[in-house]
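Participant: Each chain is listed here by its residues.
Number of protein chains: 2
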Amino acid sequence: MVGGRAPIRTLTILCVSKLTDVPKRILIGRALRSDRLGETLLPKRIALPVFASDPLSSVAYAPGEVLLVLSIAGVSAYHFSPWIAVAVVVLMFTVVASYRQNVREYPSGGGDYEVATTNLGPKAGLTVASALLVDYVLTVAVSISSGIENLGSAVPFVVEHKVLCAVAVIVLLTLMNLRGVKESGKLFAIPTYVFVAGVFIMIAWGAFRGLVLDDTMRAPTADYEIKPEHQGLAGFALVFLLLRAFSSGCAALTGVEAISNGVPAFRKPKSKNAATTLALMGGLAVTMFCGIIALAMITKVRMAEVPGKDLFHNGVPLGSDYVQNPVISQVAEAVFGHGSFLFMILAAATALVLFLAANTAYNGFPLLGSILAQDRYLPRQLHTRGDRLAFSNGIVLLAGAAALLVVIYGADSTRLIQLYIVGVFVSFTLSQIGMVRHWNRHLAKEKDPNKRRHMIRSRAINTFGAFFTGLVLVVVLVTKFTHGAWVALLGMCIFYATMTAIRRHYDRVAEEIAAPETPNDDSVRPSRVHSIVLVSKIHRPTLRALAYAKLMRSHTLEALSINVDPAETKALKEEWERRGITVPLKVLDSPYREITRPIIEYVKNLRRESPRDVVSVIIPEYVVGHWYEHLLHNQSALRLKGRLLFTPGVMVTSVPYQLDSSEAAKKRARRRSEWNAPGAVRRGPVEKPRRAKEQNKKETSRKG
Amino acid sequence: MVGGRAPIRTLTILCVSKLTDVPKRILIGRALRSDRLGETLLPKRIALPVFASDPLSSVAYAPGEVLLVLSIAGVSAYHFSPWIAVAVVVLMFTVVASYRQNVREYPSGGGDYEVATTNLGPKAGLTVASALLVDYVLTVAVSISSGIENLGSAVPFVVEHKVLCAVAVIVLLTLMNLRGVKESGKLFAIPTYVFVAGVFIMIAWGAFRGLVLDDTMRAPTADYEIKPEHQGLAGFALVFLLLRAFSSGCAALTGVEAISNGVPAFRKPKSKNAATTLALMGGLAVTMFCGIIALAMITKVRMAEVPGKDLFHNGVPLGSDYVQNPVISQVAEAVFGHGSFLFMILAAATALVLFLAANTAYNGFPLLGSILAQDRYLPRQLHTRGDRLAFSNGIVLLAGAAALLVVIYGADSTRLIQLYIVGVFVSFTLSQIGMVRHWNRHLAKEKDPNKRRHMIRSRAINTFGAFFTGLVLVVVLVTKFTHGAWVALLGMCIFYATMTAIRRHYDRVAEEIAAPETPNDDSVRPSRVHSIVLVSKIHRPTLRALAYAKLMRSHTLEALSINVDPAETKALKEEWERRGITVPLKVLDSPYREITRPIIEYVKNLRRESPRDVVSVIIPEYVVGHWYEHLLHNQSALRLKGRLLFTPGVMVTSVPYQLDSSEAAKKRARRRSEWNAPGAVRRGPVEKPRRAKEQNKKETSRKG
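Protein chains in written order, with this note's numbering: chain A, 1 to 704; chain B, 1 to 704.
Worth flagging that the hints you see were computed from the coordinates, not collected in a lab.
Careful: at least some of the hints might be erroneous.
In this list, chains with the same sequence are indistinguishable; a pair is considered to hold if it fits within one copy or across any two.
As the list claims (entries may be wrong) - Computed cross-link-like contacts, DMTMM-like style, restricted to lysine to aspartate or glutamate with a CA-CA straight-line distance of at most 25 Å:
(1) Lys604 - Asp660
(2) Lys162 - Asp321
(3) Lys451 - Glu609
(4) Lys586 - Asp507
(5) Lys186 - Glu601
Throw the hints in and build the complete structure from the sequences for me.
Facilitator: Put into structure tokens, the structure is as follows:
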């Protein structure tokens, strides 16, 4: 598809060590072969689960959150829940409709960040980026906590050791992503479709039992009474509570923007397929959300914010030992029966989808990071793929922050959700405002009335989207600020400040190193090269370095040795003469057995004598295979190199000598280069502009 | 004194950061100026405190240990203590007499390790080295624990938080040595002489009060009764107990060997001065030891192994809250009066001398390490001075092991002493056996009857020394093995095994890289150099790298860029042409935005096409000042360099470009190079053989 690959790509099968193999196989099956999914684009049926596991999985906790907040005003407030569901549905349709515009107009995968940057300027873009980064952290924390709670409804042990299990899942996902497990379509497709199918079967079977068979289905909590924290709320307080419930329900919308970042990974026509997938996702999500709320009402699910205190059974509070199961599992229990096969399957699929949603953040984080790196808000090396170290830092940062939140909030998804959504809606709102600006700009230039009509329609959608999401953002901020939203805002500020500082640094450096237009103003032009080969003993590495140095035909060439041990120096000189090595050997004294300082001083002196000369220091270097071997070799060379770099007019050359043991490290390095960066699938291959490609070919043929 | 210094030595004043300045000033005064003590050799009056703070300070705990062990058989056993003191004195004289031979015959500073290696072979030498390394760890642990106990007799808070304070002192000493505080003569002289003077005043004043004034001086514990753990010990059991008490008393001998490692630091005549200092030290130590034991008997000091259980006051056990003060402080209290000025001074001086003794180990450890490194038992870089990193590892290892012991043994000097001494006497015994061999070898060649007589006398001394110290070693092993000596033996084995493994590695590598005698058997000789300058953008670093590369006159030269971003690549090419850069630019495609892999493949291809060519990869490198800046630059270059080193037939050249911020790092590096390696004072400057020096001068003049 894309011409001019790097020459000969060795498709080695991923070398997975035995140790980490087992959990991976358990979690993701055998689909590990390096089938280079990155080279195959995603069809809609695969793209849907890959990108939508996050928003779809959020129906596992969003309905429950709505009921939880309503319960503050007592069970009677539950009858507001359909209205809240309607509001969420309207919001979902608005957001999906808006984002269908986004993916059509900005298909490059830059998502909200690109839209905001292009239309509202870099500050808005950076705000969006900060919001999304925080959002990724929270996606991990919330999804895993909720997954643990869902798994706990089937396996009580898990919920009894909630924090421990949640942290264990974070660690597992982190290790998987550090080792470079590639997202695979199958991996996402199976649990996601099982989950979706399970929820739909549940809704259908529930409707059938309720409406046709006229069964009474009762949730396990149906008999409990709720002691309202505020009796008979009315007026402003009631509105505030409803708005809070709505804010919580908006958790169902998280992850919608993922598709807009993943357009390049879709099959052609990319934008159209992405837009269709968005619509599909929205449809599925609202149906599931409403279905679960409806079933919860029918089966009389009772939930409370502080279940041990506010839930009563026969007038007795349930006590702090009581574990409140998620709505979805309570409903499943009512519909399918406790411990039934379908109940277990649904619980497992729910947990799995939630963990996959968390994994989505592990992929989205570096993806966004690479885009930010391109704009120099993050270290450059994040931009290129396969830099394991750079990605690792990002992954560890993400996991560390998520684990911290999980521990602080006791892996309680309800408390974590208070922090969530702020970031999402900041990004939604700014992106939609950006789209409005986008249309305004285009409308100013467009003359074709047909296209204008289309644009005006799109602008209307985005305007409504901007207005609605902005309103929700305000509602979320107002209703949740003290409940934890401030933590998310603080996180955003930290990201924003860090990225601004990095960008400022890069700008300063770029200015400093900018090439002058007139080539001659760069002080004195170098005229001659004085080469120095550092010698400690005569052995193969030294001989090789000498041979290479002679080839370089520098203006002068000498060997330099430091006299640390007089006996050794004497032996060196004798052997030098005996072998008839033609390069002159110079010996520097070092009464304090230092190596670095005499060499640095010598080089500085050379430069002082003839400032226009360049000094080339050639260092024979051992290449060993293990880190502990590294401790035993090259340490002086390393230190010396570090110091030489600060000396102006010097070039430092390493002539490596590969010891036998270096084979081990070579293999390790090769394996590392086969590493799959997280987010590779979502990013899709690089698309090259036609012109550059052609020019490139010309260039290559001319030179090659 | 030593000719041919490194050219121009900048004597920058040590830049000590504000933060760590305060504790240092408190602990060691202002004597920090970089007055290059290493260049001035030590007169006897300074050498004595520098080398003898360890053995002299051990009289602070050795007498108490004797009483402690005797107390097992009840207070009646205390009357054996003078006899034990006599045995310790005889042993001390033997050891001092023996070591006076050592310093005369082996003045190079190799100490026991050198004597054992030369005369008994490398395995014996390595055993001695292992023993000494363990000994250093224990010196730190025991001295600091004892110092804390002595300080605690004046400042109760300290002894109430014993472990914490001991670890704090270890951390402080470690930081001081990591930063490179130089041992200074004054630093050692003042507290050591105050301590010695204090003890002598105490003995004299005690004798005066006791014999002339006929005062009754009573230690604070004089009224306590001891409940013997074994009533009426007799026969073998009693002998065993006395031997154990003697073993504990032998703690007074630790550190005697330090002088034999420090001969090069003495003023000339080095050996004679060292021998005199040894005699002085021995004389002072035994006088103080006997004086303290005598005063303890007169003032009726009562000590027990488990004071809370075995000490009674009016028939009631003292209970676990009772803190047993060291003998020296109890005696001082009896002689000077509790809380008196002299009492406080002596307590402070004792603690300080003990901490200095611990610091001695921080200096001796790297000193021994450097000798071992010379023989390739430890990483090479320990041999050269000023390698901060190498020394740091050693210091941290020493401190970590000592802190571990302190924590495990609750900073209880009595329990730690059980581990001590084994190492010392292993080293004593092997060294003395080695000396006997030494004399045998020399006697076989020597004809002069005068010299022969002298040698025979020396051999007799060393033979007696070997016999006596060997006997003590057996006694110590037998009486203390189960009390903890096994831990010390285990430590020795670990050091021995590690050093053997390192030596084996170096030997294997040396064999692998040994230069062949016939110069032509090293596969294919290189014929041409193909130079590649890596380019990402046109800026000053790139231009500099291109200019330098052109100077090198390699056979072919091209610039290489990786197409990660088509737009950037296009801009690069346009600017390349616009500027009329004569070096041809080659662009490699990288559909996955990798950098390393395409370059490695390209280089490998070049090598495949013409295997006799050498590829020179020239990388423009930014030099920045702070570690966080480093994260933002050069990461791709670093990774690439790492991979290229594994590719045969490649040389990797860095062309550094110093950014403005690199000034900070430059200063830091310079400061680091001014760093004083611990042990520098003890080691003395390198002595060069006459011949090598002359040859050197000739060489330098010929080339220079």
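Participant: Each hint: holds or not?
Facilitator: Now for the hints, and whether the structure bears them out:
1. In this assembly of identical chains, the alpha carbons of Lys604 and Asp660 lie at most 25 Å apart only when taken from different copies (19 Å versus 36 Å within one copy).
2. In this assembly of identical chains, the alpha carbons of Lys162 and Asp321 lie at most 25 Å apart only when taken from the same copy (13 Å versus 43 Å across copies).
3. Proximity of Lys451 and Glu609 under a CA criterion of 25 Å is satisfied in neither setting, with 73 Å inside one chain copy and 57 Å between copies.
4. With identical chains, the CA atoms of Lys586 and Asp507 are never at most 25 Å apart, being 44 Å at best within one copy and 27 Å at best between copies.
5. Proximity of Lys186 to Glu601 under the C-alpha cut-off of 25 Å is found in neither arrangement, the shortest distances being 62 Å within a copy and 32 Å between copies.
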